[in-house]
Structures are given as C-alpha cells and as structure tokens.
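Engineer: Residues per chain are reported as follows:
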Amino acid sequence: MRFVPRILLVLTLAASQTAFGHAVVTHNSLKLKPVPVNQASQVELSFNSKVELDLSEVFLVSAGDVMKPVAASPGAKPGQVLLDLPALAPGEYAIKLKIFAADGHLSEDLLRFFVKEPK
Amino acid sequence: MEGIANYLDSLIGGVDLTFYSIAIGGLLWGLFVLRPWDENANYNSALLEKTVNLIHFGSKALVITQLSKIGLKIWLMAVTLGKSPFPAFFNTVQFNAGLARATFAFALFLFIKQALKANLRSKTHWLVATAIVVPLVMAAAWLVHGASRLEDRGLLMALTVSHQIAAAAWVGGIFQILALWGLKKQNAIAEELWPLLLKRFSALGIVAVALLLVTGTPLAWYYIRTFQGFIGAGYGNLLMVKIMMMGLALGFAWINRQAVEEYFASRSLYALTARVPYYIEAETLILLTILFTAASLASQPPSVDIPHLTATWEEVLNMFHPRIPRWESPTHEALIAGEAGRVAIVGQVPSEAATAWSDYNHNISGIFLTVMSFFAMLSYSERFHRWARYWPVGFMGLGIFLFFRSDAESWPLGPIGFWDSTFNNGEILQHRIATFLVFMLGLYETRARVKADPGILPYLFPLMSAFGGMMLLAHSHVGFEAKTAFLIQVGHTLMGVFALILACGRWLELKLDAPGKNVAGFISVFALFQIGVILMFYREPLY
Ligand SMILES: [Cu+2]
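The listed protein sequences derive, respectively, from chains A and B. Using the numbering used here, read the first sequence as starting at 1 and increasing by one per residue. Using the numbering used here, read the second sequence as starting at 1 and increasing by one per residue.
Keep in mind that the hints were calculated from the coordinates and are not lab data. For every residue, glycine included, the Cβ atom is placed at its ideal position computed from N, Cα and C. Take these hints with a grain of salt, some might be off.
[Stated by the list, open to error] So the derived list for chain B, only partly shown, Cβ under 8 Å to chain A, looks like this:
hint, residue
1, Val144
2, Arg149
3, Trp181
4, Gly341
5, Ile345
[What the hints assert, rightly or not] Derived Cβ-Cβ restraints for the label pairs, each shown as a range:
hint, chain 1, residue 1, chain 2, residue 2, range
6, B, Leu81, A, Gln39, 25 to 33 Å
7, B, Ile206, A, Leu82, 47 to 55 Å
8, A, Gln39, B, Ala88, 46 to 54 Å
9, A, Gln39, B, Glu339, 33 to 41 Å
10, A, Leu82, B, Lys50, 56 to 64 Å
Pulled out of the complex, with its shape left as it was, chain B reads as follows (with noise of 0.2 Å):
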C-alpha cells in the first residue's frame, strides 16, 4: 500500500492547490473584478450566485482536500514507518496547521452559507469573507518548505504565501471567467458583461503576473543559486518546467487582452466569441498543471542544498543527443538476473541488461510515436484521409507493448503478482495507469475519428493527454540516486510539456474555425513528433 499513499501523496498537492485558487482566487475576483456592491444595474442574480456557488465550492473542497491530506500523511507515515505515528504526529506543526487552515476554510464555508448568499451585494459581507481567509492563508505558511528551513524562515514564508496567492488570483479568475462563459452562452447575463469583465480582469491578471515575478524570482534566487543548480538538479529542472509553461498561459492571455481592446476599438464581438473562451479553457489546462508541477516541485530538495549531486549542461544536454535507436532488448533471463544486483543497498552493482532494456522499452515508443505522427501529418491531406485517420491504432499498439514491458519483473514477465506490484510500488502503478490510458486513448480516439457523429468523443483525447502530462510532471523515478534519478526526469518533464501542447492544440483545432483550427492542429501532430523524438533517443544512466 505504500505506493498509493506515495502516489496519492504526490498528486494532492497539485488538488490543494487548485481548490485553494478558486476559494481565495473567487474572493479577489469578488472583491476587485465584479465588486457587487457597484454595479446594481448590471448584474443579475444568476450571475452574482454563479460567483458566489464557485467560491463556496472551492472553499468546500479545499476543507475535504485538507483533512485528506493530514489524513494521506498518517497513512503514509504508517506504512512507511511500519508502526503508528501517533502520538508524536499530533505535536508536528504539519498537523496543528494543517488542521487550522481546514477549520478557517470550514469558517469560510459557513459564512458563504449563512451570510454572503443572502447579501450578494454587501460589501461588508464580501470583505468578512475575505477577512476571514486571512488567518487561512497565515496557517498555509506554516505548510510550506520554507517553514521547515533553518534560516531565513520569515521572509521565505511570506514570499511563498505571497506567490501562492498571486497564483490563485489568476488560477480563481480564470474559473470564474469560464463560468462567466457558461452564463454568457445560456444568453443568462447582459451582453456588454463579457468583454467588460474581461477587461477588467486583465487589470488584475497584470498585477497577478507581476506579484509572480517579484515574489518568485528571489525564492528562485534563494533556492537555486547557480546556473548548474537550475541546469542540473530535479529543482530547477521543474523551475524550468514551471517557467515554460507560464510562457504559454501568458502567451494565451497576451492574445486575449489584444482580442479585448479589439473589442472595445471596433466593438466586433467575433473574436471575443468565437476565439477567446477557447484559448481560456486551453489556458486553463495549462494553469492546472502549473499548480501540479508546483507541488511536486515542493517535494523536491532545493538545489542549493545538493550541489554536489548536481549534473552538468553537457551530461544533461546528452539526455537528448541523437542516436541510433535501440532494437535489440536483452533477453528476460538477463534482466532478472541483473535485478538483484542493482536493487542491492549494500554491494550494488549496477545492471547493463536493466538499462538497456528500459532504453529498449522508452526507444521503441518513440518510434511508435514518431510513425504516428507521420501518419496524423499525413491525414490532414485530401488524399491520405481515408487511411490515414486510423493512426490513433497506434496507441493501442503501444499500450499492449508496455504491459508486457514497463515493469518486467512483475507479472505478466516477472514473478510477482499484478495487483502486488501494482499496489505496492508508486512507480509501478503510475506505470500501469499510463498504459492503461494509453490503450484508451487509442480506442477513444479510433472511434472519435472514423465516427460520423462523435458527439464529445474527441475531446477525451485532449483531456487525457493534459492528465498524461500532469502525471509525467509528478512522476518521479524513485531511487536513491539522485543525479541519475534527475537525468531520467530532464526528459521525462520535457515529454510533460509537449503532451501539454499536444492537448492544448488538439483541444484548440477542435474548438476553433479555420484557418486558426489547422494552425492548432499542426502544433498538436508536432508536439506528438516531438514526444517521439525525444523517446527515440532516450538512454539511461548506467545505475
């Protein structure tokens, strides 16, 4: 069971912090965006209870999601620890804060209720509400890595909490816009609200961005340090990640803000309809995983602290260095054999066949993926359409390949059992999720293809490739080495954010018309060449 509770462990983090966005992210967008207690004319009930119904939400979550997590902790202490962590778990500061922030969110649960459901338009429930997140937020301090640091714990905890909160402004925004959106398609609020509030949501936006910037770059600064630390160690690796990634969610606001004064110059609502909410759901899949590289990112040792485990640009340059694929795997036989040896804590010796065939497993996925991507290129032509449509096949394909291969030493190979290793080890059951999604994805995507009349079929592809990237983002090769270990992630985060692009694109060539559909789509197929690249020339550290 320790893997699940390691696995779930990892993911919450990236949970947590959603919820907590649209709780607090609600509350500034009440407060500084719509401000109820201004405007009586324009607003309507269904709009200011649609508001107020996704803070109340985010706020509920955020109260479940918190106890889930103290209670995650004690189940992977026990099982770790092998023996109960009480009655020690109860003086850990995790605990005493943890369950204070539950009980303000709880408070803040409770007033939405009560309260600010029955004054939509007072200001001064608004700003109760809003007062009472702040001893919220000052118990989240008490959670984050700084907390736990050995100098300078004031002034970390203040810049994360205030990064925190920036974050959920933007994060909050975005999910109330698209609920906005929601409203706007059901004709249920006023014409001119849409690009109004839009534009005044990317006055916030701005500030958003730059209170990311001022209160990251020093942590960054604090944390990293040199220029090996963000090239080299899994911290900066996922920084790096991080920092990508806003790239493209600024880039998707950029094209909204231009889309916006547009709007207000020429009063076209064309763009504002027919354009924008896509690239917000898009910018919004982005958004979700850069909470949950964030959170993994927390779980990681700053690199200032590993400088001697950290790897140089021209090892980690090598990672991607073109080769010729491997096309022989060493035999079963060799594997095992070899396992005992590598897994060793005391004598290890590192294993050839383990390497190789894992290089086998990850190259011929690549090329897998690569010969797909031909065929999906290809399918946008008049002439290939008809057969070339079927290259989501190709999924179903690899899938079955990696059962048989991911984890050889379990079943279907391998001696131990398919629900043992599948339960017991968070590398293993990633694994088998991936696999398993991979040979939906192909199925799904099959049928969303060759279909007539694939009602929301399709867009289970974009939705399951942004969850593939999220999961490779938090995957990590557990081991104890750490700079192979981080070798094995530069790629691995690298295939994250491409999957990323490939939902993105895909999700845009299916919401968009033409000539931006095709520009979407052709990212999309690239992103997916890209992934198979990257995997055709994977080569593992010896370990």
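Here chain A stands alone, though its shape is the one from the complex (with noise of 0.2 Å):
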C-alpha cells in the first residue's frame, strides 16, 4: 500500500511548555505531520521571538531519558527553526530544546510526542 502514509498517528501529548524564559515555541509541525517510523524526518518549528541558533541547543530525549543532540537550521520564516530528525523505532519520545532568545533570555523547553506505527 505506497499511498497509505506509513504511519497513521503522532500524538502530541502536550505541545509546548516553558516555566522560565521568554522564547516559546508557538506552532510546531508535529501535530499535523506526525513523525514517520524508522524513517528520518524535518520538524518544523516556530518561535514567538529572533532566537540565537549558534547558541542554543537540541536534544531529542528517548526511552531512559537518553539524550543525543539534534541538527537545527534556520528555517525561511524568522522564528522559524527546521530539526532533522533520526529514523525512530515506534515509542515516546522528546524535544529538549535550551534556546537563547535575542533578547538574551535562555530558556528551555520540552516537546512531547509519540511514533507510532500504521494500523
């Protein structure tokens, strides 16, 4: 079945969230373009502030808490910043994002998502 999109459902659990800081992350892309399994991916996300790329972290967290650091570019949009996602075996996973906002607040913030394989 090659039109069937390889998987069905990406279920954010709870989209964005900061406690401190200023930058947040206002939309992302992974509630309407759910992470594909074992496959690599881009996810798309929007900033309500100009953040310092060259002085912010990303880390996509799996099971165990296990932390590997995630490319991020520029993406067209300002605010806008493209990740470049691994292939992910099916599970629960996260974005740990440390974003130095131009206005020189760091804040950090998590992302919450789900692979999930095709029914």
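Taking the hints as your guide, dock the two standalone chains into a single complex.
Structural biologist: Printed below as a string of structure tokens:
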C-alpha cells in the first residue's frame, strides 16, 4: 500500500511548555505532520521571538531519558527553526530545547511526542 | 553551578534597573526639580554635591552591573550548554548593545567626575550629562523584550524604554529625596528647602505616573490581550502583582502630597518631618520590589504567545480555596520512590507522594505563621505582652522544619549532598537562602522584642521580610509544565506582596508615633496572618 502513509498517528501529549524564559514555541509541525516510523524526518518549529541558533541546543530524548543532539537550522521565516530527526522506532520521545532568544533570555522548552506504527 | 548562575541572572535585572533609575532619575531630578542654575541663593554646596554624588554613584554602579550582566550571561550559557559560547556570542545584539550601554554609562561617569562636579551650577554641564544619557537609553532599547519580537519591534522598544524612563524618574527622585532628608536631619540645608523640593517633585511624580500608565497600558494589551491571559498565566499574574504594588506606592505618594499641601496652607512642619520621611522609606521598599518584579516579568513568555497553556479563573481561585490543611506527610521512602517518574522526560509519571509532601510542608508552615500572628496580636495587649512578645521564636522553629523538609531529595534526608544540591539547583538554592533567612529572622526579632535597648536590631525584621518578598516575586518553580508552574506561582507572588506589606507595616510601626504606629503594626500582623492562611490552604497541582 504505497499510497497509504506509513504512519498513522503521532500524538503530541502536551505541545510546548516553558516555565521561565521568554522564547516559546508557538507552532510546531508534530501535530499536523506526524513523525514517520523508521525514517529520517524534519520537524518545523516557530518561535515567538528571534533566536540565536549558534547559542542554542536541541536534543532528542528517547526512553530512559537518553539525549542525543539534533541538528537545527534556520527556516525560511524569521523565528522558524528546522530540526533533522534520525529514523525513529515506535515509542515515546521528546525534543528538549535550550534556546537563547535575541533579547538575552535563555529558556528551556520541551515537546513530547509519540511515534506510532501505522494501523 | 548552573543553579547559582540562573539565580543571579534572575536577580541582576532588578539590581540593574535600580542603578539605572538612580543615574537617569537623578539627572531628571537635577533638570526638573533642583535646577541648580536658577536658584543660587537657596542651594548650598552640601546639597548640590550630595545630589551629584548620588548620580555619580548610580552611573558607576550601572557600568559594573551591565558588565556583570554580560559576564553572567556568558557563564550561564557556558554551564547550560556545556561549551564555550564564543565566538557566536560576540555577534549577538545582547553583547553589542550591552557593551554600548556600559560604555555610555562609563562616559557619564567620567563626565560627572571630570566636569559636572566642578561646575555644579552650570546648566550647560547638566544638559551635556543628559545628552550622554540619550545614546545610553537607545542602547538599552536593544536589550528589552520587544527587541527580539518578530513584529512591531520599533513600537514595543520605544514604549518599553519610555516606560523605564518614567519609572527611573520616580525611583531616582525618591532616592534623591531620601538623600535630602539625610541632609535635613543634619541641618545641612535651609529649612524651607525640604517642603519646597517635595512640592516640586510631586509635579514630576505625577508626570512620571501618567507616562507609566500611557506606556504600560498598550504594552500590557500587546503582550496579554485576553482576560484569561491576565488572570491565568505567569506574565499576567506578575503584571497584576505589579499593579497592586503600584497602588500601594501611589497610596504613599498621595499621603505625602496631602502633607505637602497642608504645609503650604498651615505652615506646620509636623507631618512633613514626623511622618513623610518614613512614608517615603516605605515607598522606597515598594518601588524597589516593583523593579525586581519588572525584571522577572521580562523573563516570562508573554501570555499572548501561550494561549493553550493558560489556566482558567476557576483553576486560579481553586488555589486559594479554604480546605483542611494536610497534617500527615507521606513517608520519605514513598517520596523518593516517586521522584524518578516525576522528573523523567520520557514516560513521566506524576507522583502523588511528591505533591502530598509539598502540600504538607506548605500547610504546616501556614499553621506556624497563623499561630504566630495570633500571638503577635495578643502581644499588643497589656495582659499578655510579657510572654506573647516571644512569638518570633516560631520563625526559628519554622526554619528548622523547612531545613529538613523543603528539599527532601538532598541532605539531610536524601542522597544528594548539601553543597552539591545547593549550588546546582536554582530552586534549592532559593529554598536554602529562605530557610536560613527565616531562622535568623526568628533569632534577631526575638532579641529585638525582648531586649530593653535593642538599637537598630528591630529594623532587620522589616528589611529581611522585604527581601523575602522580593525573593518570592523573583522565585520560579522551574519546570516544563507551564500551567502547573503558574498555578504554584500564583500563591507565591501573592505571598510576596503580603511580605512587602508586612515589611512596610513593621517599618512604619517602628518609626511613627501613635496612632499611626498602631495602625501600621496591626496591618503588618494582619499581612503575616494572610500569608499563613494562603500557605495553610495551599494545594499543589499534581505533576
Ligand atoms: Cu514553594
């Protein structure tokens, strides 16, 4: 079934949260474009402010809170960031962000998501 | 070390705003209130030197804080990212605008030292000093919230900077008035200057307040937008607290203005010397707390950006709902067992035990404070005074209780060492400072109330409570659950406001004469009671 997308659902448990700091993710592609199973993919994030990518860090967190750095590049629009995720097996994951906003506030953020097998 | 860096980073904003106000507000005072070139006869050199020295101090301190701010940012990034932030940091607006701001502050410092101090009555010199401030203020514009915004940047930057200047005029003026009062007490200035300058400052103060409102309202609208954003998110909540404190400060400003007007009608100096200076001292405590709150506001994401994470007003009200305090604690084993799941990022399990543990701590602390406030009230009665005046001993008990309970995962109950936990976690560090403060408060305040001649000892209590209030307002329960963190924050910020009222009330009780003294004392004890009640009914959301 080539035309059927290989994944069915990616649930974003809770989208974006920050308790301190000023840069927050206002939109992300995880909800609309679920992360595919066992296939490298790209996630798109939009921030509410300009971010200094050189001074920011993004991690992929997998079961057991294992953290792996993720490559982040600026998107077409200001405040937009593209993340390159490796191929992922089904399961729960999170993206952990340490973002330096242009106004000097360093903020941490977390995006939780599931990678699910197609039904 | 991440903890200390984080903590200092959250405090330095307030320190910076304070010195900024002393420098900029001092210059505005010179230009609009003092006007040394106009009045040769009335002003002596003691007055002019004191005024300029204060501005000079402000500019020097501003250079140091601005440089420390940059240093702190570098440190924070190095420890958070675990690598050197160079050379990328050199290209940030933060670094460049920060350096420019420090440079212009240094230029102001040099100019005052070399030129203004030798020409205290020269209008040209005052104007040049003010001209140096213009690029300083413009550099600062690049460091505010609005500068990193994607839309309407120029407008937001301009509004924020005007807002800061208005605040600086008020705060800087208040510092000048305190200095003036110092001179008046020593009889170092002409008798009629005290009421005259108070009167002139009140005109500048009204302009400042008007400008604060005119610039603050659109900013609040822009960043908040909805009622829910005002009531149910950290940004809105801190703004609300700021407005409450602003109301308190305005109350004092209004009383002072009345006293000045009375003086010009009746020529009686009584109110102006026996009450007004102390009201101004209390007003200063409030204004400083507002500056620290403003700095912590700047580190919150604006409500408008997190509509999906705001709480409803029912949820907020529920935090203050009366209920039976939790008087049984889960065991330490149960708490530790739940910790791994609670702090996990992937596969998080909320811990009932952790929530119950925290509720118990807050509720028992609340009972401590409510009972203490009850004895404090009794101590005003002749009959019970002898023993009820020992009520501050309760703070020592509370300190010991908190030391064991507040951070259970660390020493003495938990596995993480004392120093390790203190310096690597901003929240634990804040708790430790607070715990120590509470214990010392009890020790000193008991001595102050029992000793026949306590000297300056009694003043420690209001100063420490004001500092405690400031900490509560800069305190963030750091975590990723924005809504939960906010619901916890709501109670804490309100306690911060009451701690400030407690401090101001006690300060005035010590300084005023009857009947003002008794009213202030009662308000102070009532604020303590309120803090106790908030804590007694506190229930942490499960997370
Ligand atoms: Cu707390």
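Engineer: Tell me, in ascending order, the numbers of any earlier hints that this structure violates.
Structural biologist: Structure breaks hints 3, 4 and 8.
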